[in-house]
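Enquirer: The listed protein sequences derive, respectively, from chains A and B. For the first sequence, the positions run 1 to 113 when my numbering is used. For the second sequence, the positions run 114 to 224 when my numbering is used.
Bear in mind the hints are in silico, worked out from the structure with no lab data behind them. Note that the Cβ used here is the ideal one computed from N, Cα and C, for glycine as well. Take the hints with a grain of salt, since some may be wrong.
[As the list claims (entries may be wrong)] Straight-line distance between alpha carbons at most 30 angstroms, and here's what the computed DSS-like set of lysine-lysine pairs gives:
{"no.": "1", "chain 1": "B", "residue 1": "Lys-169", "chain 2": "B", "residue 2": "Lys-211"}
{"no.": "2", "chain 1": "B", "residue 1": "Lys-211", "chain 2": "B", "residue 2": "Lys-165"}
{"no.": "3", "chain 1": "B", "residue 1": "Lys-181", "chain 2": "B", "residue 2": "Lys-211"}
{"no.": "4", "chain 1": "A", "residue 1": "Lys-80", "chain 2": "B", "residue 2": "Lys-211"}
{"no.": "5", "chain 1": "B", "residue 1": "Lys-169", "chain 2": "B", "residue 2": "Lys-181"}
{"no.": "6", "chain 1": "A", "residue 1": "Lys-79", "chain 2": "B", "residue 2": "Lys-211"}
[What the hints assert, rightly or not] Which chain B residues stay away from chain A? Per the calculated CB distances, all over 12 angstroms, these:
{"no.": "7", "residue": "Thr-137"}
{"no.": "8", "residue": "Gln-194"}
{"no.": "9", "residue": "Ser-196"}
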Amino acid sequence: SQTIHQWPATLVQPVGSPLSLECTVEGTSNPNLYWYRQAAGRGLQLLFYSVGIGQISSEVPQNLSASRPQDRQFILSSKKLLLSDSGFYLCAWSVWRVQPEAFFGQGTRLTVV
Amino acid sequence: GNSVTQMEGPVTLSEEAFLTINCTYTATGYPSLFWYVQYPGEGLQLLLKATKADDKGSNKGFEATYRKETTSFHLEKGSVQVSDSAVYFCALVQGAQKLVFGQGTRLTINP
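Full structure from sequences and hints, please.
Expert: Laid out in structure tokens, this is it:
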């Protein structure tokens with residue numbers, strides 16, 4: 001069966017420090033991969049969307065970047081964190097040719113101090 | 114582009130009350146429609162889905178019917194429980210395109 005791993009679960013980082021969040025999917029091939037951010041008490045903001053290795057669509061210009069070095073690995077990065085980068089980050093995957101729904105990881109709670 | 118609009122929250126109900134959370138969408142063609150649920154501190158879980166017009170998705174006592182004529186996918190439950198307290202998201206996807214979410218509705222059920 002398919003599973004998604006997202007880590008770390010929580011992270012406290014100082015302003016100006018770098019960031020790397022990792023997401024991996026097991027048990028499937030060629031998934032679409034997503035990074036979302038959820039600010040406290042708010043909805044989901046799509047940050048990045050990838051349909052294949054090296055193919056990244058950026059939805060919101062900001063302080064973050066994403067990479068997909070392998071088919072089932074999706075990494076969210078920042079060179080210098082801002083206070084406004086705090087939030088709950090969610091990775092998700094889907095394989096639209098098989099079934100239309102997306103499946104989510106457990107999320108990473110990032111607090112920038 | 115595609116979009117989803119769901120009712121503003123928060124919604125507060127008493128246990129055993131009837132629940133409706135409205136969701137309408139804008140899309141060309143025939144998207145697949147979903148309801149996701151998010152419990153505190155967790156990721157999103159798929160609650161139910163419908164992939165074509167007039168389909169009814171159901172799970173855990175929740176239901177939603179894909180209404181093409183009104184472009185709606187309202188979530189309903191006949192008798193809510195305290196454990197249903199969560200944030201509910203309506204969403205759609207069309208083929209290989211990106212998943213699109215509504216803004217979420219926070220539901221609180223009081224005993």
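Enquirer: Decide, hint by hint, whether the structure agrees.
Expert: Cross-check of the supplied hints:
no., hint, result
1, B:Lys-169 x B:Lys-211, "holds, 23 angstroms"
2, B:Lys-211 x B:Lys-165, "holds, 18 angstroms"
3, B:Lys-181 x B:Lys-211, "holds, 20 angstroms"
4, A:Lys-80 x B:Lys-211, "holds, 28 angstroms"
5, B:Lys-169 x B:Lys-181, "holds, 12 angstroms"
6, A:Lys-79 x B:Lys-211, "holds, 26 angstroms"
7, Thr-137, "holds, 16 angstroms"
8, Gln-194, "holds, 23 angstroms"
9, Ser-196, "holds, 19 angstroms"
Taken one by one, the earlier hints all hold for this structure without exception.
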